[in-house]
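K.L.:
Please work from the sequences and hints to get the whole structure.
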Amino acid sequence: MADAMLTGGPSRGSVLLFTIAVILIHAIDFLFVRRSGVVSYTTVITLAVVYTFLAFLTQGIFKDKSPEPFIWFGAMWLMPFVVSWLIRIVGATSGMGKAISVLVVFYPLFIFYLIRKNQLTGLVILYILLWMFGYLFTHVGDIQTYAGQQGIEMPYNPVLSYEYLLDWTWEKLKQLAGVPGKAYQAIEQEITRSIRAAKGDYYTGTVDAAAQKRLGVYLENFRTSEPFFYEDIPVTAYATMKAETLDRELTIQVTCEADDMIDANKILPMDAFSVMATDQFDIDCIWNKGVLKKGLHDLKLTAEFDFITRAYLKHYVMNRDRLREYRRQNIDPLAGVPDKSPTAIYTSGPLRIGMGLGQQPVALGQRGEAFPSLGITLENAWEGKVLQVTDVFIYLPEGLTISTTEGIGLVSTTCADVPDEEQPACDDSLVNVYKLTPEELALPIYREFTIKNMRIYLKIADPDRILGKAPIAVQNIKTSVQYRYLLERTTSASVREPAAEASP
Amino acid sequence: MNKTIPLLLVLFLASCQFVPFERKETMRLPEVSIGTQGVEVFLDPRMQHEVYEGSPFSMLVTLSNLGTMDVEEGVYTISYEPQYLYLPRQQVQGRFVVRGKSVFNPQGSERQLNFIFTTKPLGPQVERYPATITFNACYPYATNAPIITCIDTDLTGKKTGKVCTPQPQSFAKGQGAPVVVATVEPRMLPHENPNLIRPEFILTLRNQGTGEVVAPQLSRDACSGRPLGPEGWNVVEVGAQLSDSVLTCTPTPVKIKLAGETKIVCSLPEGIDARLGTFTAPLLVTLDYGYLNSLTTQVTILKPS
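For the record, the sequence lines run as chains S and R.
Each residue of the first sequence is one higher than the last, beginning at 1 in my numbering.
Each residue of the second sequence is one higher than the last, beginning at 505 in my numbering.
Take the hints with a grain of salt, since some may be wrong.
[Stated by the list, open to error] Calculated lysine-lysine pairs in the BS3-like style (CA-CA distance at most 30 Å, straight line): (1) Lys469/S / Lys761/R; (2) Lys759/R / Lys435/S; (3) Lys435/S / Lys452/S; (4) Lys340/S / Lys807/R; (5) Lys300/S / Lys452/S; (6) Lys242/S / Lys807/R; (7) Lys663/R / Lys340/S; (8) Lys662/R / Lys469/S; (9) Lys300/S / Lys340/S; (10) Lys340/S / Lys469/S; (11) Lys759/R / Lys340/S.
[What the hints assert, rightly or not] Here are some, though not all, of the chain S residues that point toward chain R, as calculated from beta-carbon distances under 7 Å: (12) Glu325; (13) Pro338; (14) Asp428; (15) Pro438; (16) Leu467; (17) Leu486; (18) Glu488; (19) Thr490.
To be clear, the hints were calculated from the coordinates, so they are not data collected in a lab.
A virtual CB, placed ideally from N, CA and C, is assigned to each residue, including glycine.
P.N.:
Encoded structure:
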């Protein structure tokens with residue numbers, strides 16, 4: 001062989017082309033053909049033909065009549081099968097499996113032939129370095145997980161590291177591309193809010209900070225039970241559902257869907273829950289074997305529940321003329337009052353309720369005159385959907401009524417009509433109760449909204465009852481909103497062909 | 505001999521009794537006519553500020569007259585959130601009498617009012633609610649400021665050996681009432697009749713209390729929700745007397761300025777005889793007004809967990 005080199009070996013161009021061809025075939029082999037570590041007999045034979053061709057090509061280029069090229073390329077063809085087989089036997093994650101995996105570094109055996117022929121080019125060195133680094137990174141947990149998600153049994157394929165890197169980069173790019181969209185949405189929502197606030201059309205509220213409990217339904221950690229599934233085993237995904245309510249039973253309906261159309265065959269422990277105070281459940285969505293075919297599936301868990309959010313707005317009321325006198329005399333009408341600008345306080349849950357009555361203290365005119373309009377903002381505070389507002393009750397202090405129901409379907413009612421749990425705190429002699437009519441609530445504006453505003457026009461029915469006998473009165477307007485809410489969580493499941501059929 | 509002299513000296517000293525400078529025990533009457541407070545409203549510090557729903561709690565308010573004027577017709581009102589608190593109707597307003605400080609009662613008197621509230625149910629989902637209670641006390645009050653002033657009929661200033669010189673006086677400690685005569689500036693002016701001079705006093709008035717001044721006849725209305733009218737706020741009626749002569753004060757009633765100084769001029773238009781020379785004379789200034797003091801507190805209603 002040394003003689004052949006001396007007597008006019010292969011040209012540099014032909015060696016370069018040969019090297020590129022071998023690297024490409026080797027990379028394609030591990031990128032597509034032997035990527036998963038499990039191949040069919042057809043693939044075995046095809047690869048045997050390809051590597052035999054490469055051996056003949058080597059003989060031709062290097063004018064090497066010896067069987068050496070066949071030995072190296074034969075080993076290149078066979079070695080990965082043997083290593084995969086051994087690793088499958090001892091277990092990919094076992095210590096022995098990891099030890100055997102070191103042999104992966106030697107998969108590109110053709111370099112030894114090139115070294116012997118004194119043709120170790122920079123390209124070959126680069127490839128072998130990439131191969132070795134790729135192999136080292138396959139031991140990183142994220143790549144092992146990625147291999148599992150991809151249904152790959154032989155996770156020590158250096159190509160996987162680069163595939164993972166590409167996927168990761170792609171995902172990040174997609175996220176980056178999504179950021180402007182999300183930012184745009186957030187900015188748009190903020191602008192809408194600001195414009196509405198400037199127009200006096202958005203009313204703020206603060207969640208009841210004193211509330212120790214996290215009310216509502218929460219779905220956490222929705223994930224599959226295995227990194228991948230076979231078609232002949234059931235696919236299971238599960239999540240933790242936490243629910244907390246006060247004073248009222250919370251009924252939750254759970255559904256599981258794959259690819260938006262395949263319902264889960266079983267939901268364990270059940271698909272309907274009833275919570276009285278606080279509870280936590282592990283929900284398992286199970287698709288029977290064969291229901292989800294080979295491929296990647298989007299799994300979705302939804303929880304639908306009825307909920308009530310309540311809010312109150314404390315406000316100070318003062319005779320209008322007296323308030324003018326205070327202002328003229330430069331006297332602070334709220335001197336000594338701890339909370340001079342009270343905002344609406346709402347209970348925790350998926351809906352945010354804001355309320356506004358204008359500047360404090362509120363000037364109280366004569367009987368029959370208008371009281372500042374009450375603005376109410378309902379805002380979806382969670383990532384789910386407000387499916388439907390089913391009831392809205394407004395509690396005004398005695399002496400205050402609604403002047404006109406123009407533009408909004410409101411009717412007067414009594415404490416007997418409010419939800420049972422609210423009745424102990426409702427006294428017809430102290431409050432005037434109003435509720436939105438079913439016709440009003442049937443309008444599409446009460447479904448799947450982000451922000452919904454209401455303006456309630458108020459009238460002074462009895463100023464003495466509002467003000468009492470003191471210079472300043474402290475009053476309270478309350479709102480309770482009942483609605484149906486949908487929470488959604490997604491994950492994905494990788495399903496492969498049955499393992500027995502796939503093995504060579 | 506040498507030993508005898510020191511011994512005698514020791515004996516002499518031992519016989520001496522140490523007598524300190526004898527302190528003259530004089531009885532001084534308490535100085536009650538100072539201070540800038542009237543009827544002050546205090547909340548019992550032991551009051552519970554966190555109460556469970558459906559429970560009673562008491563709010564003990566002390567009305568303490570730290571001024572010199574007796575209050576005979578004081579009224580109070582209390583406002584609270586009826587949706588969250590219950591208070592018997594008869595306790596919502598009332599009257600009070602409370603004596604002021606005097607030589608025989610240098611601390612002033614107190615009146616305690618105990619309001620028994622009951623908290624109402626909070627309603628669903630609400631775990632705590634801060635209920636606001638405001639107490640208002642309104643009463644007629646007066647400031648009596650006795651001042652020794654100097655009258656000097658010698659407008660030319662040629663005479664010597666005068667007993668006093670008319671000069672401004674200030675009274676930073678007040679006169680035992682929230683509205684104070686802060687300064688008095690005497691001025692001796694010529695009269696139309698050359699045999700007379702016209703004494704004039706420029707008084708500076710100030711509300712140094714924590715409440716609001718109202719017209720004296722509106723002191724009861726101040727605790728209601730009714731408007732008092734443009735001339736109802738910060739109005740003080742001023743009266744002044746120099747010895748036995750009643751002075752004419754302008755303007756009266758006067759509106760106390762919240763910023764800056766409120767000055768009034770009190771003079772004796774009929775004048776005094778220029779031959780009387782220079783002498784000191786009592787000037788008594790009386791200010792009549794109503795006063796409103798408020799106190800706001802919060803009680804947090806809790807839901808038992």
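K.L.:
Now tell me, hint by hint, if it's right for this structure.
P.N.:
Evaluated hints:
Taking the CA atoms of lysine 469/S and lysine 761/R, the gap is about 28 Å. The hint holds against a cut of 30 Å. Distance check on the hinted pair: lysine 759/R and lysine 435/S sit about 50 Å apart at the alpha-carbon level, beyond 30 Å; violated. Taking the CA atoms of lysine 435/S and lysine 452/S, the gap is near 16 Å; set against the 30 Å cutoff, the hint holds. Between lysine 340/S and lysine 807/R, the direct Cα distance comes to roughly 25 Å. Compliance with the 30 Å bound is thereby established for this hinted pair.
The suggested pairing of lysine 300/S with lysine 452/S holds, with an alpha-carbon distance near 28 Å, which does not exceed 30 Å. Pair hint lysine 242/S plus lysine 807/R holds up; C-alpha atoms about 23 Å apart against a cutoff of 30 Å. At most 30 Å may separate the alpha-carbon atoms for a hinted pair to count; lysine 663/R and lysine 340/S exceed this at roughly 63 Å. Between lysine 662/R and lysine 469/S, the direct Cα distance comes to roughly 65 Å. Violation of the 30 Å bound is thereby established for this hinted pair.
The straight-line distance between the Cα atoms of lysine 300/S and lysine 340/S is roughly 47 Å, outside the 30 Å bound, and the hint therefore fails. For the suggested pair lysine 340/S and lysine 469/S, the alpha carbons sit about 21 Å apart, so the restraint of at most 30 Å is met. Among the hinted pairs, lysine 759/R with lysine 340/S is consistent with the structure: their alpha-carbon atoms are about 28 Å apart, no more than 30 Å. Among the interface hints, the one on glutamate 325/S holds; its C-beta lies about 6 Å from the nearest C-beta in chain R, closer than the 7 Å criterion.
For proline 338/S, the interface hint holds, the least distance from its beta-carbon to any beta-carbon of chain R being 6 Å, beneath 7 Å. The criterion of a C-beta within 7 Å of any C-beta in chain R is not met by aspartate 428/S, whose closest approach is roughly 12 Å, and the hint is violated. Checking proline 438/S against chain R: minimum C-beta separation of about 22 Å lies over 7 Å; hint violated. The restraint placing leucine 467/S at the interface with chain R holds, with a minimum CB-CB distance near 4 Å, inside the 7 Å limit.
For the restraint placing leucine 486/S at the interface with chain R, the shortest Cβ-Cβ distance is roughly 21 Å, beyond the 7 Å limit, so the hint is violated. This hint is violated: glutamate 488/S has a C-beta 24 Å from the nearest C-beta of chain R, more than the 7 Å allowed. At a threshold of 7 Å, the smallest CB-CB gap from threonine 490/S to chain R is about 30 Å, leaving the interface hint violated.
Of the numbered hints stated above, those contradicted by the structure are hints 2, 7, 8, 9, 14, 15, 17, 18, 19, listed in ascending order.
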